[in-house]
Amino acid sequence: MCPLNQAMKFLTTPRIDRCIGCHSCSLSCARLIHQQISWSSSGIRIHSAGGLSTGFVALVCLACDPAPCVAACPTGAFSQRQGGGVVVRKKHCIRCGECVAACPVDAVSQDVHGEVYVCLHCGRCVKFCPHNCLEFGELDQLRRSLHDD
Amino acid sequence: MTDCFTVLVVDLESGKSKVELVDERARVAGGSGLAALLYSRFGQAERAWDHPSQPFILAVGPLTGYFPLMSKTVCAFRSPYHEQYTESHGGGRSALSLFFAGYDALVVTGRASELSCLSFGSRHLLIKEVGFMKGYGVAMTGKLIRRMFPKSSGHRSILRIGPAGEIGSAMACVNIDSYRHFGRLGGGAVMGAKNLKGIVINGDSSHRLPDNPEYRKVYKKVYDQVTSTDMMRKYYHLGTAVNLQGLNDIEALPWRNLQKTCDPGVARINGDVFADQTLLRNAACSGCPVGCIHLGFFRDKFKQDARYLYHQVPYDYEPIFAAGTMLGVTDCFDVLRILEDFERVGLDAMSAGVALAWATEAVEKGLLSEKETIVALKFGDAPAYQEAAGYLGTGYNDFYRLLSGGTLKAAAVYGGTEFACVLGQEMAGYATGPLYFAAQSLGFRHSHLDTGAYSYEQKHHQKDVAKAVDFLIDDEPGRVLLTSMVACLFARSVYGTETLAECLSVTGFETLAASLTETSERIRRLRWQVRIATGFKPEDVEIPKRFYSVATVHGAVDGPYLDQLKAEYGRRIMVLGRPDSEPE
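Each protein sequence line maps, in turn, to chains A and B. Position one of the first sequence corresponds to residue 29 (this note's numbering), numbered consecutively onward. Position one of the second sequence corresponds to residue 12 (this note's numbering), numbered consecutively onward.
The set of hints was computed from the structure by calculation and includes no laboratory data. Hints may be right or wrong, so weigh each one.
[As the list claims (entries may be wrong)] Label pairs and their calculated CB-CB ranges:
id	chain 1	residue 1	chain 2	residue 2	range
1	A	D45	B	K232	29 to 37 Å
2	B	K145	A	D45	36 to 44 Å
3	A	N160	B	D222	46 to 54 Å
4	B	T13	A	G104	14 to 22 Å
5	B	D222	A	K118	43 to 51 Å
6	A	H141	B	D222	37 to 45 Å
7	A	H141	B	K145	48 to 56 Å
8	A	A129	B	K312	22 to 30 Å
9	A	N160	B	F308	43 to 51 Å
10	A	Q138	B	E125	29 to 37 Å
11	A	D45	B	P571	20 to 28 Å
In this text, all values refer to a predicted model and were calculated from it rather than measured experimentally. Backbone N, C-alpha and C define an ideal beta-carbon position, used for all residues, glycine too.
Please put together the full structure from these sequences, using the hints given.
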């Protein structure tokens, strides 16, 4: 399940313990990728880690390979992204929510209309994080082990 | 974008709610303007603040969610402090939650038959009885609410009150998401009068991106301004606590109930000390990348062995002034301990600290004894203030109940009016001189943020009543415009009128964008009209003698000049607030 592909780039959250909860990453994903003003219709969502006193967690795709959400998708709307993560073909999605249920880390979400949101590992949110919590690049095992989230 | 406001109106008495569309965007913009409009429709000028029919209002603005730092909510109500219409502003997640719940405003009327919590989002609304929460502190209430309403973690706002709100204290705040507040003038008591312990707002919907392709460009420009330049550094670096040293240096920092305006003790509780010794981390209001919330910590050993507990407490300049310099407390951890105890009972820190400072001087002068204060109050004695916080917040005896209605109310009974540090309400921490004293006394929220008086005073030393009052009058509409958007006032250097017009235009509010000058003036007048209709009279606001004997950096306060400033500012406000007053 762990991606170690050196060629592909991934969104990771290596410094999420710096997160101040501004939601700028979620808002940018919704704005730039999904044409929405939203903090939840986004590939990355910020939650408090059990009340604000304990800081924040980012709910975001961990780039599984093979990805359980892909296996669960009955229409092929979700397909395996090379090296980890998923490619989404919205036209094929029937909004059944199987991918949401299949994700073990709550990284896939659905809005009230059934539309599905998952990180596409495009990295466009990274520059909107004021504290450099996010990173977009190749992954290796050592760097992953140093992640704080 | 629609020109109609979507307003959720909840009647706690019947348990019924409705969604009203109010077609007044172009006239009142949102935020402060919308709140005043809603109070003029739902408020009862002839009825007391705690009458069930009085509305408790939350309002956001046309740019909420669309641009950075548009992260505040206006809370409006008839205040238990002075029985007049007022606003209190707060952030946390409240603004984005209300916006993403699909509403521009919430109006709560009626009184629930039992202590209750209101929870709503874009697709649900429920009122749950929570009698078991009666008397619980703010933190525990938050934990219980999180357990009861588990949906939307991270995308919801939890507003709640402590015992101070339940007993109707005029110093009761509304806690927002643990670390922010609708602090001043007793909003917590208004919720208490409605038997409303908490409000959970689920921001569980989304909005369409504005059609205008320029929107993203303007967003990026504003975002870069607030994050890539040093413009906001003072707010996120040491935060507002940086002002402690600066104001002490210019002899404008109130110490020990304003008996002094500077003290070497500041070296132990200035912004650097708080950052170096207590700062645990920063946090942000949702939608604000600046992250000005400073969370300090203290730890306490609760057993002889190495057993510790720790608490996180937000700090800022004003709370440090109120629980620190004003009380003569110069240990940074002790300041946090006192603030934690104010928070626990749901007291506004500024009001409570200033009230206890007066009580301490009253004890020194023999006007009060432990018969009233229960604990011996002494400047610098932090544990005594921690204990007193509980008495004040729960209205433990007649004295504390009276004091919780306002320092001047207690002083009227026990004496000591002359050294009550009250400027319309318990003072904010700026002893810059007469212009500030006049401005806070008569300012709309009795806040240092109503106008830039403290700043003007530091730059202009000549005593020119007309010029100074012109400044106050001219400075207000710009701030009213920001609080109608609803921007954090820390962003006032970013959001000039031109930038606001650009933001509104690309978001789809072209009509509003084209008339900002007239709109801000209209809103300013509407706010004063509503305020005056609920009893505001400048001549009723007295400035206690202590403010006439303050030593400022410009020397002793010129009493007649202060009186002239107050008289002229009051006169100008009353002209603005005449019922027939319209912007030119």
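Hint check results:
1. A:D45 to B:K232: 29 to 37 Å: Holds - the Cβ-Cβ distance for A:D45 and B:K232, about 30 Å, lies within 29 to 37 Å.
2. B:K145 to A:D45: 36 to 44 Å: holds (37 Å)
3. A:N160 to B:D222: 46 to 54 Å: violated (33 Å)
4. B:T13 to A:G104: 14 to 22 Å: With a Cβ separation near 39 Å, B:T13 and A:G104 fall outside 14 to 22 Å, so the hint is violated.
5. B:D222 to A:K118: 43 to 51 Å: violated (21 Å)
6. A:H141 to B:D222: 37 to 45 Å: violated (19 Å)
7. A:H141 to B:K145: 48 to 56 Å: At roughly 41 Å between Cβ atoms, B:K145 and A:H141 fall outside 48 to 56 Å, so the hint is violated.
8. A:A129 to B:K312: 22 to 30 Å: Because 47 Å falls outside the window, the suggested range is violated.
9. A:N160 to B:F308: 43 to 51 Å: violated (24 Å)
10. A:Q138 to B:E125: 29 to 37 Å: Given range 29 to 37 Å: holds, Cβ gap about 36 Å.
11. A:D45 to B:P571: 20 to 28 Å: Cβ of A:D45 to Cβ of B:P571: about 58 Å, so the range 20 to 28 Å is violated.
Violated hints, in rising order: 3, 4, 5, 6, 7, 8, 9 and 11; the structure is consistent with all others.
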